[in-house]
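K.L.:
Read off the chains here:
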Amino acid sequence: MAALERVKVLVLGDSGVGKSSLVHLLCQNQVLGNPSWTVGCSVDVRIHDYKEGTPEEKTYYIELWDVGGSVGSATSVKSTRAVFYNLLNGIILVHDLTNKKSSQNLYRWSLEALNRDVAPTGVLVTNGDYDRDQFADNQIPLLVIGTKLDQIPETKRNEVLTRTAFLAEDFNAEEINLDCTNPRYLAAGSSNAVKLSRFFDKVIEKRYFLRDGNQVCLFS
Amino acid sequence: MRSPSAAQQQGGNKRRRCKFRGVGLLVCLVMAARPFLSPQPLLQEKIRCMRLWTASLRVTMTVALAQWSSQNVMHKKVLFFGFGWLFFMRKLFKDYEVRQYVVQVIFSVTFAFSCTMFELIIFEILGVLNSSSRYFHWKLNLCVILLILVFMVPFYIGYFVVSNIRLLHRQKLLFACVLWLTFMYFFWKLGDPFPILSPKHGILSIEQLISRVGVIGVTLMALLSGFGAVNCPYTYMSYFLRNVTDADILALERRLLQTMDMIVSKKKRIAMAHRTMFQRGEVHNKPTGFWGMIKSVTTSVAGSENLSLIQQEVDALEELSRQLFLETADLHATKERIEYSKTFQGKYFNFLGYFFSIYCVWKIFMATINIVFDRVGKTDPVTRGIEITVNYLGIQFDVKFWSQHISFILVGIIIVTSIRGLLITLTKGMYFVSSVLLIRMSMPLEYRTIITEVLGELQFNFYHRWFDVIFLVSALSSILFLYLAHKQAPEKHMAL
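First to last, the sequence lines map onto chains L and U. So in the working numbering, spot 39 of the first sequence is number 26, and the numbers just go up one at a time. So in the working numbering, spot 195 of the second sequence is number 183, and the numbers just go up one at a time.
Just so you know, these hints were derived from the structure itself, not from any lab. Positions of the beta carbon are idealized from the N, C-alpha and C atoms, including for glycine. Careful: at least some of the hints might be erroneous.
Label-pair restraints from in silico Cβ distances [claimed, not checked]: (1) U:359 x L:73: 55 to 65 Å; (2) U:257 x L:185: 41 to 51 Å; (3) L:157 x U:94: 35 to 45 Å; (4) U:301 x L:41: 13 to 23 Å; (5) L:59 x U:335: 21 to 31 Å; (6) U:464 x L:152: 57 to 67 Å; (7) L:176 x U:231: 56 to 66 Å; (8) U:135 x L:65: 19 to 29 Å; (9) L:180 x U:301: 28 to 38 Å; (10) U:268 x L:180: 19 to 29 Å; (11) U:336 x L:140: 51 to 61 Å; (12) U:233 x L:192: 39 to 49 Å; (13) U:335 x L:195: 45 to 55 Å.
Residues of chain L placed beyond 10 Å of chain U at every Cβ, according to the derived structure [unchecked claim]: (14) 61; (15) 98; (16) 174.
Just chain L, same shape as in the assembly (with noise of 0.2 Å):
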């Protein structure tokens, strides 16, 4: 039974955006009950039927590997992290959609796991340096995912979301806005759990099926 093709995919953000609840929400289907610090790298694995309801029909193992700290540490701290991004296949980035910083951070986040880090710059404005064209030839898929979505109130709830629809844009990639503590926003037959499936078959599908002659040196 271990013999599934497995499949890396990186869930990255900010200190206390939610990644492992999240990560613990994809993978066991329940509500992380006392959240605490991640240390390094904490991984989980998700059953996925690729292309499920078809003929081809194919189930693959799918890591997410959450990665702890936060985007300005120091470049020992970085280097170390940067072990954990070989051989990636997907990019999961996760931000806090009461906390504007941690959207803006994002973009670095990105930078830093694509091994195209830029030094950071200053301190006011975090994505002064940003060019759309660094993510135009990228070639792995990406998702961008909102937490704390409960906490918004209904009146701010439209202009958090244009925001956040922006950012999505920038970075060419869909996104999903949730509450981590609440399992119905990924329900079976929502728009989100669409999404997070399509998601997951374009990973699968950028890594096993579509080798072309100039694949980047990340696939094994």
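Given chain L, put chain U in place with the hints provided.
P.N.:
Positioned in the frame of chain L, the structure of chain U alone reads:
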């Protein structure tokens, strides 16, 4: 003390006044305009900042129309306010958005008044401004700081703590008041075991509050100084750096990745087992009906026992992976330090480290002597040092003249490094008040008069003794701690 003529002083003051007013306004403008510079400013933020801007403008204007002779101090206050605000936003809360402007305002105000206090000490030495206005400012500052420190800050801390607990959400205010009253009770009780009051002062006088704040602050400061005195040479000197090669790091990283792979494969087994159980209809040991119970007894007993065993193995492996990660991070940090020590800056800090280690040893020695021989430093150490050097070298030297300047510079250094230490370690107003008390010791006798006058008859000797004791305890325990940590680390790498 030389004092320039009043006219010269006024002229100098005027120039300084204009400069500081301009800078203060500029800072306020920059702060308020910041959200407009960020890419997608929300309308509400814009409104908030317009309000802030007009408020700060109004404040600056009222301050400008205030007392004419003490313009200098007021504007520096605005300047410090701006600095405090900026520092708060940039360094302390870089990665988090602070919703409550109250917190920012209180922090900036505390910071501004604390800096003004330090500045007044410098004015004391320099002889700027006439002594009555200095006295007035001292009193004003102390009152405001004590008010904020003892009344507002604990109340707001209690309020925010309570509002984070969802149960007590309804009666936030009530519980915040209760917490505050508890704090005041313990704060008051703090004064009893210490011999800090002479009986002639009333209950609600400034001396009471200062003495208590002073005790807490002096303890904290002594702890931090003790630790800092030992940690500083340990960090700066490259003698203590272990030798780390790239091969070590690679080996450790390989171990870490192997552990992660093992965790992953075990988790895959668990996940697959759960899925087959789910597909076969056995959901979480809830047997339905008679046959369900029989089935669960025969089949999944073995299965679930196996699973819980694997789960325990996974937990142990996860703990191991955390340890390995921390060690790897440690190695990377050491390697970076080694590279840094080879640069010019690194060599400079290495030299400073040797210098500091001598200073720390001397301080510990002096603290021991003070305690053992029951002595309090009466003479200013710099004066004594210069006296000794002069007598030894036999040079004709106007000791008094030079010692003023040198002690002023030293006090300035203490202030600057205190501010840095303060802002990084986040102990607020108490640190400043107690710094004032302790700086008094480093100053020659003439300068002490005004501080003594303002702060009343506190038992300063007690504070010095208390500081020495805590400093010694803290320094010795941090030496022990660092020694143990240093010893343990190389052994771990031997086991690779």
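K.L.:
Work down the list of hints and note, for each, if the structure agrees.
P.N.:
Taking the hints in turn, this is what the structure says about them:
Checked against the hint of 55 to 65 Å, the pair residue 359 of chain U and residue 73 of chain L passes, with Cβ atoms roughly 57 Å apart. One distance hint, 41 to 51 Å for the beta-carbon pair residue 257 of chain U and residue 185 of chain L, is violated here, with the actual separation near 28 Å. Range check, residue 157 of chain L to residue 94 of chain U: Cβ separation about 37 Å, and the 35 to 45 Å hint holds. Range check, residue 301 of chain U to residue 41 of chain L: Cβ separation about 37 Å, and the 13 to 23 Å hint is violated.
Between residue 59 of chain L and residue 335 of chain U, the C-beta spacing of about 28 Å keeps the proposed range 21 to 31 Å intact. At about 59 Å, the CB distance of residue 464 of chain U to residue 152 of chain L agrees with the hint of 57 to 67 Å. The hinted window of 56 to 66 Å between residue 176 of chain L and residue 231 of chain U holds, with their beta carbons roughly 59 Å apart. Distance hint for residue 135 of chain U and residue 65 of chain L: a CB-CB separation of about 44 Å, inconsistent with the stated range 19 to 29 Å.
Between residue 180 of chain L and residue 301 of chain U the beta carbon distance is about 32 Å. The supplied range of 28 to 38 Å therefore holds. Restraint check, residue 268 of chain U to residue 180 of chain L: a C-beta distance of roughly 23 Å satisfies the suggested window 19 to 29 Å. Taking the beta carbon of each, residue 336 of chain U and residue 140 of chain L are about 54 Å apart, inside 51 to 61 Å as hinted. Checked against the hint of 39 to 49 Å, the pair residue 233 of chain U and residue 192 of chain L passes, with Cβ atoms roughly 42 Å apart.
For residue 335 of chain U and residue 195 of chain L, the hinted distance range of 45 to 55 Å is satisfied, since their beta carbons lie about 54 Å from each other. Not every beta carbon of chain U lies more than 10 Å from that of residue 61 of chain L, the smallest distance being close to 7 Å; the non-interface claim is violated. Separation of residue 98 of chain L from chain U is adequate, the least Cβ-Cβ distance of about 16 Å exceeding the 10 Å criterion. With 10 Å as the threshold on Cβ separation, the claim that residue 174 of chain L sits away from chain U holds: the shortest Cβ distance comes to roughly 16 Å.
Hints 2, 4, 8 and 14, counting from the list given before, are not met by this structure.
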